[in-house]
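Be aware that the sequence shown starts at 1, since it is given in my numbering, and climbs by one per residue.
Just so you know, these hints were derived from the structure itself, not from any lab. Check each hint, because a few of them may be wrong.
Unchecked claim - Calculated cross-link-like contacts (lysine-lysine; reagent style DSS-like; alpha-carbon spacing at most 25 Å):
1. 32 with 115
2. 32 with 98
3. 32 with 42
4. 105 with 115
5. 98 with 115
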Amino acid sequence: MSSNQKKLEADNVTIEERYRFVTSQLSYFNEKTIEAFNLYIKLITAIAGGVIWLRLQIDWGTVWIQIRGIVVALILLVGFASILLVIFNLSSWWGFRKAESFLLKGKIPPPVFPKSARQELLIMLVIATSAIGASILVWNLK
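Take these sequences, add in the hints, and give me the full structure.
Next up, the structure:
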């Protein structure tokens, strides 16, 4: 398919269809951000459950010395990966929000940092502080 044919097909899409697509993508990336946060909560809860279960075992001390560093690294990795997911979803949402503003000729303002990213910034702050705090707590667990 030539570039002229692609342009003709793109021109056949109405503004309403483009707007519907853009707003569906905005909703999609909002949901994906919340899913990333929920995944973080589930994984950290599973790690905490594993540590608590291990703590209840008779040979806790010998096993803990061997895996403490791995648990701390896992907590930090889960936190870092979750923050990356939030950043990816935010950057995608940002682009679609700009497109929405363009399609509506500025009736909806384009996104402005940090105002337009407050929720995502708060989610990243919660993830970072809880992952660092949990890592310190786990590292000092005797």
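Outcome of the hint check:
1. 32 with 115: 20 Å, holds
2. 32 with 98: Holds, at about 18 Å.
3. 32 with 42: 15 Å, holds
4. 105 with 115: 20 Å, holds
5. 98 with 115: Roughly 14 Å separates the two Cα atoms, so the pair holds.
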